[in-house]
Amino acid sequence: MARTVASFVQNGYFLLFTFVTGLFYFCFYLVAIILGLSLSFTVVGIPLLANVLRTTTAFMQFERVQTKIYMDITTEPCVKAVNPKVSNWLQAKKELLNRRNWIAIGWLMLKFPVGILSLVSAALLYVAPPVLIAVPFLYPFISLSIMGATVDTFAIAIMVSATGVVLMMVSYWLADRLARWIGGYTRLMIKHVNR
116 MARTVASFVQ
126 NGYFLLFTFV
136 TGLFYFCFYL
146 VAIILGLSLS
156 FTVVGIPLLA
166 NVLRTTTAFM
176 QFERVQTKIY
186 MDITTEPCVK
196 AVNPKVSNWL
206 QAKKELLNRR
216 NWIAIGWLML
226 KFPVGILSLV
236 SAALLYVAPP
246 VLIAVPFLYP
256 FISLSIMGAT
266 VDTFAIAIMV
276 SATGVVLMMV
286 SYWLADRLAR
296 WIGGYTRLMI
306 KHVNR
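Residue numbers (the working numbering): 116 to 310.
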């Protein structure tokens, strides 16, 4: 039982962490690429853009480690491009023309909609069941209406609470499947970038 609860909580952390990292990647790359492109007519823009593109390998590795820690899903290592000793401008050109970097940015930014889905799912799967279970204690003090039916008797409150218990059991299964799906997204992301 303790292992089940720990797994349920760990899946919840993973779902919430997916939203946070997805939001970070989306904002970071959106702002950095727009800033780099808008400053590209100056000396600062191209090196800034090249340095932003170099972060993709580190973030992909972070996603790989996060998926291994939370979901115990092993993914292949992210292939890092070999950087020969050349001038900074040639290195920047190489980074800008590297197709892998742009594909990785696309996959990392797509994690934002996945993160929104995981946040909404976490709210439904982790908040709704305890609230429904607590209805017998809440209905005398608060006017409650669930799916159009007013909870005004103890019998209705118990039925809603039983529904919350069933939803809690289903939530465990759904949270595990959703977390595994997101772990599969990480595996797919690294596979496509390594091609």
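Quick caveat, the hints were computed from the structure, so don't treat them as lab data. All values reported here derive from a predicted model rather than from experimental measurement. Backbone N, C-alpha and C define an ideal beta-carbon position, used for all residues, glycine too. Fair warning: there could be bad hints in the mix.
[Claimed, not checked] In silico DSS-like links for lysine-lysine, alpha-carbon gap of 27 Å or less:
id, residue 1, residue 2
1, LYS209, LYS306
2, LYS306, LYS208
3, LYS306, LYS183
[Said to hold, decoys possible] Derived CB-CB ranges, DEER-like:
id, residue 1, residue 2, range
4, VAL124, VAL159, 26 to 34 Å
5, ALA238, LEU145, 40 to 48 Å
6, LEU212, LEU303, 40 to 48 Å
7, LEU205, VAL285, 19 to 27 Å
8, ILE218, VAL159, 39 to 47 Å
9, LEU289, LEU150, 23 to 31 Å
We went through each hint and held it up to the structure:
no. : hint                        : verdict
1   : LYS209 / LYS306             : 22 Å, holds
2   : LYS306 / LYS208             : 25 Å, holds
3   : LYS306 / LYS183             : 15 Å, holds
4   : VAL124 / VAL159: 26 to 34 Å : 45 Å, violated
5   : ALA238 / LEU145: 40 to 48 Å : 25 Å, violated
6   : LEU212 / LEU303: 40 to 48 Å : 25 Å, violated
7   : LEU205 / VAL285: 19 to 27 Å : 57 Å, violated
8   : ILE218 / VAL159: 39 to 47 Å : 26 Å, violated
9   : LEU289 / LEU150: 23 to 31 Å : 40 Å, violated
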